[in-house]
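Chains as they are written, first to last, in the numbering used here: chain A, 1 to 89; chain B, 1001 to 1484.
Think of the hints as simulated: they come from the structure by calculation, not from any bench. Glycine included, each C-beta is placed from N, C-alpha and C at the ideal position. Keep in mind that the hints are not guaranteed to be accurate.
Cross-link-like lysine-lysine pairs, in silico, DSSO-like; alpha carbons within 27 Å at most [unchecked claim]:
#1 B/Lys1259 with A/Lys21
#2 A/Lys26 with B/Lys1419
#3 A/Lys86 with B/Lys1336
#4 A/Lys26 with B/Lys1039
#5 B/Lys1419 with B/Lys1287
#6 B/Lys1419 with A/Lys78
#7 B/Lys1259 with B/Lys1244
#8 A/Lys13 with B/Lys1375
#9 B/Lys1243 with A/Lys13
#10 B/Lys1244 with B/Lys1413
#11 B/Lys1094 with A/Lys78
#12 B/Lys1046 with B/Lys1302
#13 A/Lys13 with B/Lys1333
#14 B/Lys1259 with A/Lys78
#15 B/Lys1458 with B/Lys1375
#16 B/Lys1375 with B/Lys1094
#17 B/Lys1413 with A/Lys26
#18 B/Lys1007 with A/Lys78
#19 B/Lys1287 with A/Lys13
#20 B/Lys1336 with A/Lys13
#21 B/Lys1038 with A/Lys78
#22 B/Lys1413 with A/Lys21
#23 B/Lys1243 with B/Lys1419
#24 B/Lys1018 with B/Lys1243
#25 B/Lys1419 with B/Lys1375
#26 B/Lys1259 with A/Lys86
#27 B/Lys1007 with A/Lys26
#28 B/Lys1458 with B/Lys1446
#29 B/Lys1233 with B/Lys1259
#30 B/Lys1039 with B/Lys1088
#31 B/Lys1039 with A/Lys21
#32 B/Lys1302 with A/Lys26
#33 A/Lys21 with B/Lys1244
#34 B/Lys1007 with A/Lys21
Far from chain A, by Cβ distances over 10 Å, these chain B residues were calculated [stated by the list, open to error]:
#35 Ser1023
#36 Thr1035
#37 Tyr1103
#38 Ser1271
#39 Thr1362
#40 Phe1476
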Amino acid sequence: MTVDVDRIAQLSKLEILPEQKSRFEKQMNEIVEMADILLAVDEQDADIEQHFADLRQDIVTQSCMTQQSVANNAPSFKNGCFCVPKTVE
Amino acid sequence: MELFEYKAFELAQMLTDKQISSSELVSAFINRINTVDKKLNAFITKCFDDALEQARIIDQKRVSGANLPLIAGIPIGIKDNISVKGLKMTCGSKMLENYVAPYDAAVIEKLRQSGGIMLGKLNMDEFAMGSSNQTSYFGACRDPYDTSKVSGGSSGGCAAAVSAGEAACALGSDTGGSIRQPSAFCGTVGFKPTYGTVSRYGLTAFASSFDQIGTVCKCVKDTAMLFDVISDKDHRDSTSVDKKYNCYNSLCSDAYGLKIGVPRELFESVSHPDIIDSFNRSVNLFKDTGAQIIDISIENTKLALAAYYVISSAEASSNLGRFDGVRFGYRAKDCKDINDIFIRSRTQGFGDECKRRIMLGTFVLSAGFYDDYYKKALAAAKMITKRLDSLFEQVDIIALPTSPETAFAVGDKLDDPVKMYQSDVFTVFANIAGIPAISVPCGVDKNGLPIGLQLMSKRFDEQVLLNAAYAFESAFEGIPKPRL
């Protein structure tokens, strides 16, 4: 299996520069080769049931954070909103 | 003997007996950090003023006759992926270089309630992805036994700090061996509890079905003391279980009649003869103390590492989607539109190993490959878990080396991820099955580098596991301390 690094990087919202591409390609293909041992697994034998965590009650509780303490970590925050470049023309 | 050389439970006794004050103790550790950390790089953030203030408050309470928990006044280090309100939490990444945690993690609330004193935040592989601490944006953390060697990872800062006497004990996280492998490299006791016994609220998520907060300590008794403090039910972590432990007071060093399974089929992964020698001597020591040694086979062992990397990377690719340059974390300059913010912030903010894991995760979840890799990895993990569950009907403990090698040179394996991933070959089983596991020092190699013995038990059998580790530690002559 060969990994299409350009396509996967695009899906991952990452950019791989042309000079990095062959290194990432080689490493990714070696990792996937390591994972190829899984191809022989018959998942019918394993019974992969889904687990669901217990849901907590959806009730409003006192927050330990203020809006300001959260906003302090934002790259850009104005009038109670996170700011990004205009998205709609 | 200097104060920083004592074990935490010994320091707790000295504090209780008023032989020392917490202020003296914290000052001794601060001096030690100021002396040795430039050689190790274990700390990313230090909070000495706050630590001294907390120590002063604890001392006042003690003088006024308050009955304080054992951990009160003990200096502790925290891995830098656990939120401590008001302190930076970088996760070893440029992405969070300037992020200040706005709340305390559940384990930090527990520490504060018990009077534990935080000295600072400890170095780690970026977002806990690595087995050497070399992927940290803040530089590699080094092994106190030989500073040309890596501390292991991802909780390398925790293991190096405790080993070197920069903290009496530490809290780390273990997703595939991240507490146990660096503990093996640095000669500390590293403990990953059962999945769900310690709340992950406030731990930065890497692979949510494997992540577990645990302890790095100087000995098993310290481990039990710290684990008792942090384990509890927490409604803010939906995987948290309703179980409270009291391992410290019930610790027992009698291994008589204990059934210990040894899966020798796995040892072909070990090329280091000193590791096999130390392991065999450890097993014989158990036998001498009255334990019964039973040969077992885990089966499908070769699938474990592949399954672990496929599942953990899939979950990481999802968990790290939150780092988009919008609400917190690094944002690239002069972006022309929102997509530009996402792509350039993530490209500039994440290091190469994070990018590889995000891309591997995206690959195994993408159309056409989901059934071949992700679904089969889940099936393999299920098979391994079932097999381990059935083995624990025959044995109380499974014993393995912690790592197939001792600490390697700084700079090694950085360009060979597959080789790096082999470091986790013995540790991923416990994460896949959600069982508790501990690494205790069991010898040194011919270069004087520590070797770890790993013990695993069935889910929620922490007391049995810690007793077994305590029995071994009590019978073993110990390893020399690092010289710095």
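Status of each hint after checking the structure:
1. B/Lys1259 with A/Lys21: violated (51 Å)
2. A/Lys26 with B/Lys1419: holds (14 Å)
3. A/Lys86 with B/Lys1336: holds (9 Å)
4. A/Lys26 with B/Lys1039: violated (34 Å)
5. B/Lys1419 with B/Lys1287: It is violated: about 34 Å lies between the C-alpha atoms, which goes past 27 Å.
6. B/Lys1419 with A/Lys78: Given that 27 Å is the threshold and the Cα spacing comes to 47 Å, the pair is violated.
7. B/Lys1259 with B/Lys1244: Holds - the C-alpha atoms of lysine 1244 of chain B and lysine 1259 of chain B are around 26 Å apart, at most 27 Å.
8. A/Lys13 with B/Lys1375: Status holds; Cα separation ~24 Å.
9. B/Lys1243 with A/Lys13: violated (41 Å)
10. B/Lys1244 with B/Lys1413: Violated, at roughly 41 Å.
11. B/Lys1094 with A/Lys78: holds (24 Å)
12. B/Lys1046 with B/Lys1302: The given pair, whose Cα atoms are some 41 Å apart, is violated under the 27 Å limit.
13. A/Lys13 with B/Lys1333: Cα-Cα ~17 Å, so holds.
14. B/Lys1259 with A/Lys78: violated (63 Å)
15. B/Lys1458 with B/Lys1375: Holds, at roughly 25 Å.
16. B/Lys1375 with B/Lys1094: Since the Cα atoms of lysine 1375 of chain B and lysine 1094 of chain B sit roughly 33 Å apart, the hinted pair is violated (cutoff 27 Å).
17. B/Lys1413 with A/Lys26: holds (15 Å)
18. B/Lys1007 with A/Lys78: At roughly 50 Å apart (the allowed maximum being 27 Å), lysine 78 of chain A and lysine 1007 of chain B break the hint.
19. B/Lys1287 with A/Lys13: violated (55 Å)
20. B/Lys1336 with A/Lys13: The hint holds at about 15 Å.
21. B/Lys1038 with A/Lys78: Judged against 27 Å, a Cα distance of about 40 Å means the pair is violated.
22. B/Lys1413 with A/Lys21: holds (19 Å)
23. B/Lys1243 with B/Lys1419: Not satisfied, since the Cα-Cα distance of roughly 38 Å exceeds 27 Å.
24. B/Lys1018 with B/Lys1243: violated (33 Å)
25. B/Lys1419 with B/Lys1375: holds (24 Å)
26. B/Lys1259 with A/Lys86: violated (66 Å)
27. B/Lys1007 with A/Lys26: The given pair, whose Cα atoms are some 47 Å apart, is violated under the 27 Å limit.
28. B/Lys1458 with B/Lys1446: Cα-Cα ~34 Å, so violated.
29. B/Lys1233 with B/Lys1259: Given that 27 Å is the threshold and the Cα spacing comes to 30 Å, the pair is violated.
30. B/Lys1039 with B/Lys1088: holds (22 Å)
31. B/Lys1039 with A/Lys21: violated (35 Å)
32. B/Lys1302 with A/Lys26: holds (22 Å)
33. A/Lys21 with B/Lys1244: violated (50 Å)
34. B/Lys1007 with A/Lys21: Violated, at roughly 49 Å.
35. Ser1023: About 29 Å separates serine 1023 of chain B from the closest Cβ of chain A, which puts it past 10 Å; holds.
36. Thr1035: The assertion about threonine 1035 of chain B holds, with a minimum of 34 Å to chain A.
37. Tyr1103: violated (5 Å)
38. Ser1271: holds (18 Å)
39. Thr1362: For threonine 1362 of chain B, whose nearest Cβ neighbour in chain A is about 5 Å away, the distance does not exceed 10 Å, so it is violated.
40. Phe1476: holds (35 Å)
When the structure is compared with the earlier hints, violations turn up for hints 1, 4, 5, 6, 9, 10, 12, 14, 16, 18, 19, 21, 23, 24, 26, 27, 28, 29, 31, 33, 34, 37, 39 and for no others.
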